[in-house]
Amino acid sequence: MSIKQWIFVITLLFSSSLFASPDIEHWTTDNGARVYFVNAPELPMVDVNIVFNAGAARDGEHPGLAKLTNAMLDEGAGGMDADAIADTFSSVGANYSANSQRDMAVLSLRTLTEKKAFDTALKMFAEVIAKPSFPEISFLRIKQQLLTALQGEKQSPQSIATRTFFQKLYDKHPYGSMPAGDTVSVEKINLDNLKAFYQQFYVAKNAVVVIVGDVSKQQASQMATALTKNLNSGSPAPELPAVTPLSKQQEVVLPFPSSQTTIMMGQIGMSRDDPDYFPLYVGNHILGGSGLVSILSDEIREKRGLTYGVYSYFSPMQKSGPYVFGLQTRNDQTEEALHVLKDTLNTYIENGPTEAQLKAAKQNITGGFALRVDSNSKIADYLSMIGFYGLPLDYLDSFNDKVNAVTVADIKDAFKRRVHADKMLTVLVGGETK
Amino acid sequence: MLNIKKIAWLIFFLPTIALANVSEFELDNGLKLIVKEDHRAPVVVSQVWYKVGASYEHEGITGISHMLEHMMFKGTKHLAPNEFSHIIAENGGEQNAFTGQDYTAYFQKLHKDRLEVSFKNEADRMRNLIIDPDELLKERKVVAEERRMRTDDNPQALLRERFDAAAFVSSPYHRPVIGWMSDINHYQASDLRAWYQKWYAPNNATVVVVGDVSPKAVLALAKKYFGPLKPEKIATLKPQVEVNQKGIREIEVKAPAELPYLMMGWKVSSVTTVAKENAWEPYALEVLANILDGGNSARFAKQLVREQQVAASIGAGNSLFSRLSDLFTIAGTPANGKSVDELKKAIIEQISQLKSQPVSQQELDRVKAQVVADAVYEKDSVFYQAMQIGMLETIGVDWRVGEQYVDNIKAVTAEQVQAVANKYLTNDQLTVGELVPLPLNGRHPVSSAGGQYVH
Numbered sequence: 001m002s003i004k005q006w007i008f009v010i011t012l013l014f015s016s017s018l019f020a021s022p023d024i025e026h027w028t029t030d031n032g033a034r035v036y037f038v039n040a041p042e043l044p045m046v047d048v049n050i051v052f053n054a055g056a057a058r059d060g061e062h063p064g065l066a067k068l069t070n071a072m073l074d075e076g077a078g079g080m081d082a083d084a085i086a087d088t089f090s091s092v093g094a095n096y097s098a099n100s101q102r103d104m105a106v107l108s109l110r111t112l113t114e115k116k117a118f119d120t121a122l123k124m125f126a127e128v129i130a131k132p133s134f135p136e137i138s139f140l141r142i143k144q145q146l147l148t149a150l151q152g153e154k155q156s157p158q159s160i161a162t163r164t165f166f167q168k169l170y171d172k173h174p175y176g177s178m179p180a181g182d183t184v185s186v187e188k189i190n191l192d193n194l195k196a197f198y199q200q201f202y203v204a205k206n207a208v209v210v211i212v213g214d215v216s217k218q219q220a221s222q223m224a225t226a227l228t229k230n231l232n233s234g235s236p237a238p239e240l241p242a243v244t245p246l247s248k249q250q251e252v253v254l255p256f257p258s259s260q261t262t263i264m265m266g267q268i269g270m271s272r273d274d275p276d277y278f279p280l281y282v283g284n285h286i287l288g289g290s291g292l293v294s295i296l297s298d299e300i301r302e303k304r305g306l307t308y309g310v311y312s313y314f315s316p317m318q319k320s321g322p323y324v325f326g327l328q329t330r331n332d333q334t335e336e337a338l339h340v341l342k343d344t345l346n347t348y349i350e351n352g353p354t355e356a357q358l359k360a361a362k363q364n365i366t367g368g369f370a371l372r373v374d375s376n377s378k379i380a381d382y383l384s385m386i387g388f389y390g391l392p393l394d395y396l397d398s399f400n401d402k403v404n405a406v407t408v409a410d411i412k413d414a415f416k417r418r419v420h421a422d423k424m425l426t427v428l429v430g431g432e433t434k
Numbered sequence: 001m002l003n004i005k006k007i008a009w010l011i012f013f014l015p016t017i018a019l020a021n022v023s024e025f026e027l028d029n030g031l032k033l034i035v036k037e038d039h040r041a042p043v044v045v046s047q048v049w050y051k052v053g054a055s056y057e058h059e060g061i062t063g064i065s066h067m068l069e070h071m072m073f074k075g076t077k078h079l080a081p082n083e084f085s086h087i088i089a090e091n092g093g094e095q096n097a098f099t100g101q102d103y104t105a106y107f108q109k110l111h112k113d114r115l116e117v118s119f120k121n122e123a124d125r126m127r128n129l130i131i132d133p134d135e136l137l138k139e140r141k142v143v144a145e146e147r148r149m150r151t152d153d154n155p156q157a158l159l160r161e162r163f164d165a166a167a168f169v170s171s172p173y174h175r176p177v178i179g180w181m182s183d184i185n186h187y188q189a190s191d192l193r194a195w196y197q198k199w200y201a202p203n204n205a206t207v208v209v210v211g212d213v214s215p216k217a218v219l220a221l222a223k224k225y226f227g228p229l230k231p232e233k234i235a236t237l238k239p240q241v242e243v244n245q246k247g248i249r250e251i252e253v254k255a256p257a258e259l260p261y262l263m264m265g266w267k268v269s270s271v272t273t274v275a276k277e278n279a280w281e282p283y284a285l286e287v288l289a290n291i292l293d294g295g296n297s298a299r300f301a302k303q304l305v306r307e308q309q310v311a312a313s314i315g316a317g318n319s320l321f322s323r324l325s326d327l328f329t330i331a332g333t334p335a336n337g338k339s340v341d342e343l344k345k346a347i348i349e350q351i352s353q354l355k356s357q358p359v360s361q362q363e364l365d366r367v368k369a370q371v372v373a374d375a376v377y378e379k380d381s382v383f384y385q386a387m388q389i390g391m392l393e394t395i396g397v398d399w400r401v402g403e404q405y406v407d408n409i410k411a412v413t414a415e416q417v418q419a420v421a422n423k424y425l426t427n428d429q430l431t432v433g434e435l436v437p438l439p440l441n442g443r444h445p446v447s448s449a450g451g452q453y454v455h
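Line by line, the protein sequences give chains A and B. All letters in the first sequence, in the order written, are residues 1 to 434 by full-length UniProt numbering. All letters in the second sequence, in the order written, are residues 1 to 455 by full-length UniProt numbering.
Hints listed in this document are in silico derivations from the structure and should not be mistaken for laboratory results. Please note that a few of the clues may not be correct.
[What the hints assert, rightly or not] Below, a list of computed lysine-lysine pairs in the DSSO-like style, where the Cα atoms sit at most 30 Å apart:
id : chain 1 : residue 1 : chain 2 : residue 2
1  : B       : Lys345    : B       : Lys355
2  : A       : Lys143    : B       : Lys77
3  : B       : Lys345    : A       : Lys143
4  : A       : Lys154    : B       : Lys302
5  : A       : Lys359    : B       : Lys120
6  : A       : Lys154    : B       : Lys254
7  : A       : Lys154    : B       : Lys344
8  : A       : Lys131    : B       : Lys302
9  : A       : Lys154    : B       : Lys345
10 : A       : Lys303    : B       : Lys138
11 : A       : Lys188    : B       : Lys338
12 : B       : Lys120    : A       : Lys303
13 : A       : Lys115    : B       : Lys345
14 : B       : Lys410    : A       : Lys115
15 : B       : Lys77     : A       : Lys303
16 : B       : Lys302    : B       : Lys355
17 : A       : Lys402    : B       : Lys138
18 : A       : Lys172    : A       : Lys143
19 : A       : Lys123    : B       : Lys410
20 : B       : Lys338    : A       : Lys154
21 : B       : Lys198    : A       : Lys303
22 : A       : Lys143    : B       : Lys198
So that you can see chain B by itself, here it is in the shape it has in the complex:
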């Protein structure tokens, strides 16, 4: 079925694949090191990824991976609290960290000559962290403020949290990454020490370096700083498989808000959980997501926003790279004067169309052209390139799968998109969440400031 247009694209893309210059090493203590050369600018990104995150946790200590991420800046046997941040800043660098369901990662962006500063201090805090109870008490407050800001005072985020808790019953994705407030308020230093001891070790970490570096020199540095660290016996995770959903689930969240908001999510297989013979399915779902929401020419923008004017904004997202089975999600805000029910009806109609009719060749070509182009655009960011490698390795997928993304998308047919719509987007696998606004009006008196801007 290769037409001339496709061949032209293919040829065009080949040299870019050849450019991907990645070296992979494993130290004797089990630490994995992946180096990708990108010599466009004299910079380097260094990321340390640990195989631990919210989905490794259990009730009572939810959010502890994220709490530990905060404590990783609070001092080691060799560094005072926050000293690492000062060292990186004085070396012209930026640093931060992030925690997800499936990973905890730390990163520095530096001039290429300063990679050693990153390795020296990351190696130190991989094994030598000090959890000081007084520091923990302060940082617990910081995390509580973070939760208030991100979730409690943000109605859409609050809906998302309760939505996940409803969609997942036995899967750890039931729990929020930042943790429930009462758990945050009760972490003890001993909880943090145990979590650190259990997961922070060279044989549970992947170091990803992307930038203007030589792999040999990076390996030598890694051996010098990470090499001497002792490995740990890493526990095998219990599978915690999600129970089979037997029928639609619907929840409401009532919160002070102005706009209603609708979320719909279907259980789907990710690259890690799909049966081998169905390996194409997550990619077909990926194409399906792009047919609905791949920019301004996709069906949602064209039909729901512009033609029917039933949505003010709407998006769709597939969970291709999750460690466990996850959700295909659609979320949106009804247009002015339209209800959540009208929006829901329009979305269901869109899904029905995908089930009954194959998508057009033109739409498929559009999705594929965008994916080919995006693969080039992504290379403009050193950080993104490192992210992709680290995230894949940490959820147990070879980083090369990322490089094969474009080819896997190109291989998807209209029939396959139709097939996954019928297989996965069924009512029995669906969770629906609705944000029901509680009035803000009248709750706050107009201040003496007056004027149209005062609410």
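Bound conformation, chain A alone:
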């Protein structure tokens, strides 16, 4: 055993003994919802997330449908209207929220565990999830609000860039449209579309229930049952199609009256279950995923003062999510910034990180593990991810070990195979204001 290996073993022991991850319990309800539970008795509160595989990737011919469905659930349920539902939650200080992105449609409840609050909030939450009435009067309003939001997007260079980026990168793939849809599509969506969408996707076998807080396992089990028993059992959402990478470089320039140009560059990245997940994740952390200490930040902000912030990230999803690079810079510096960005990426793909950079990144990621699970809400988010993407229950326990196992050679190999600087999509928005 060489000295290097020794150090490695010691690091492993160090990391596993130092950071205890939360104790996750997992079971499936009678009608097929998967439950993930962590007991956190320190505060008299509980967080519940219900995650359906019912995001915009399921929109089909109706971009915006998933988001509208998700937003309509608390507009009427179990014989109550929007006002009565809102009153019920707020009368006991409970927070309800709904959110829908490309993969996940999430319904969340945060409530006190004091009996009256808990019983009231939970009962209302169950009604919203399982007995939404989709009132027409709300639908018309929610639709108008979404149309207003879509109009508002057009005054934001970042929103314009993001929309164009996804459209060009994914083309006809379900990830190609925005969760908010577009004006033409949203105008056409009707209540029957929503009801059909709900019937198909808001079903127990397509749901993950996450519970974190001051409740026993028995209570959690009762909660999960109460929340899902009135849902149809249904079936899991079908698998999404594979993503085709871009075959050649593409640049889209959208003039906009702003003083900066928003630069978004990228390609197809990876899925949650990607075999290269850890080399790519750690590799990107060093390149552009670690804020002020990343290589990109050093080159573009620290050395040249060209931007307030430059970043790169993989967005791992059910199917390959994007690998994105982004920054904003004064219009007349666009070319220079883009040049440095591409140059830095090329050099990194060619040479990979140094041993010192990798070591620093591992210390940052593994040493910061405790910070990533230091609150109920963060733990609930991790459970949602683990449950939704079917990651192993020891995902958090083994996370540091997997990060520590990545070598410089692994990163170089993964970046060379997976990141194609010569086939990037670049979207530029700006340039009109001096």
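Start from chain A and add chain B according to the hints.
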């Protein structure tokens, strides 16, 4: 007037108050140290708060507190530029800083064993900063880019900046935290050095530590690293009181945009500026803000968004904890097909109702239940707990006032809400700002990319 429901809530809340485990120390050099124990996770948040911010500045150097915040990462007698960030990262930590009107603060989040790394380097940059002119030139560009991104290219933020400049005449809240662009472009190294010398000293700082720590051990560490630092003679701020507003002020900002936007702000007293005998007033305004905009069951959501459908989105906010008198603000976007004038009319009608009729018991109970619950939820975040203590101490308010927030809200009556509506929400104290969209359409040709997404 205590009914059974209220007593139940009260009893429920008591144990949480007892849990608040805070220790307070002052070092010989005047540095204040506040430690709050939270043993839920093996982490610690360390924050250093300086009593300086944009409201301490004057014309010509606006934004210099924020510029100095950036330069605090650019090296000391012992550290190269950006080295502090690397040290924290290699210790598994996160760090950043923020500047407001009334404070500048620096923070690290770390595993509890690494607090020493924070103290050692924060103490170093409290007195040993180096302002290198070349580094300043680069960082000035970074801050200019930050301003373009946050304000110049963001029509709603631009309106907010001009709105504050119109609402405040002699108060320093007239000026933006990030500073005017021409000031940013002309900071000199000597300006930064003078500002640093003037405000960065142990006797002008509060260190807040929250997490899985023992107060004794934290104190020992603080003595070791911050203890040897020399105090500074800190200048007394001139009061810079806002002149009495004599009539409504209205401004327009025209900018490339798609949606109009309306802001209305009334001058109000904050906890720091209210007369002692009226100490309840800022809390009554707080309740009033929640009656209008405390979530989905509040009046704005119910009446303006759902019933009248005059607002697409709308919010209200009170300035409870500001160092100087500040604004009660309402801002919103008209619903599709409605005008700014219609939205304004609906808001004024809401204000009139608050003036003429007391709010219902049910609404009051709802606000109070939410506040009680939020006080529990806030404890899920170690960072937030530290923020609250540091911010209060830095604007000159005892951190315990934060702990008393729930009780102060619970004490507010419907009559008091009505009274502050009548006293403060008057036309003579009102500033109205409107974002008037300049067309984006036609300014950018449809690209060859085509399709419905191209603007």
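Now the hints, each set against the structure:
1. Lys345(B) x Lys355(B): holds, 15 Å
2. Lys143(A) x Lys77(B): violated, 59 Å
3. Lys345(B) x Lys143(A): With a Cα-Cα distance of about 24 Å, the restraint between Lys345(B) and Lys143(A) holds, given a limit of 30 Å.
4. Lys154(A) x Lys302(B): Roughly 28 Å between the alpha carbons, so the hint for Lys154(A) and Lys302(B) holds.
5. Lys359(A) x Lys120(B): Given pair Lys359(A), Lys120(B) holds - Cα atoms ~23 Å apart, limit 30 Å.
6. Lys154(A) x Lys254(B): holds, 16 Å
7. Lys154(A) x Lys344(B): holds, 24 Å
8. Lys131(A) x Lys302(B): Within the cut-off at roughly 22 Å; holds.
9. Lys154(A) x Lys345(B): holds, 27 Å
10. Lys303(A) x Lys138(B): holds, 8 Å
11. Lys188(A) x Lys338(B): Roughly 22 Å between the alpha carbons, so the hint for Lys188(A) and Lys338(B) holds.
12. Lys120(B) x Lys303(A): holds, 26 Å
13. Lys115(A) x Lys345(B): violated, 42 Å
14. Lys410(B) x Lys115(A): Holds - the C-alpha atoms of Lys115(A) and Lys410(B) are around 21 Å apart, at most 30 Å.
15. Lys77(B) x Lys303(A): holds, 20 Å
16. Lys302(B) x Lys355(B): Holds, because 19 Å separates the two Cα atoms, which is no more than 30 Å.
17. Lys402(A) x Lys138(B): violated, 38 Å
18. Lys172(A) x Lys143(A): Holds: Lys172(A) and Lys143(A) sit about 24 Å apart, inside 30 Å.
19. Lys123(A) x Lys410(B): holds, 27 Å
20. Lys338(B) x Lys154(A): Since the Cα atoms of Lys338(B) and Lys154(A) sit roughly 19 Å apart, the hinted pair holds (cutoff 30 Å).
21. Lys198(B) x Lys303(A): holds, 29 Å
22. Lys143(A) x Lys198(B): violated, 55 Å
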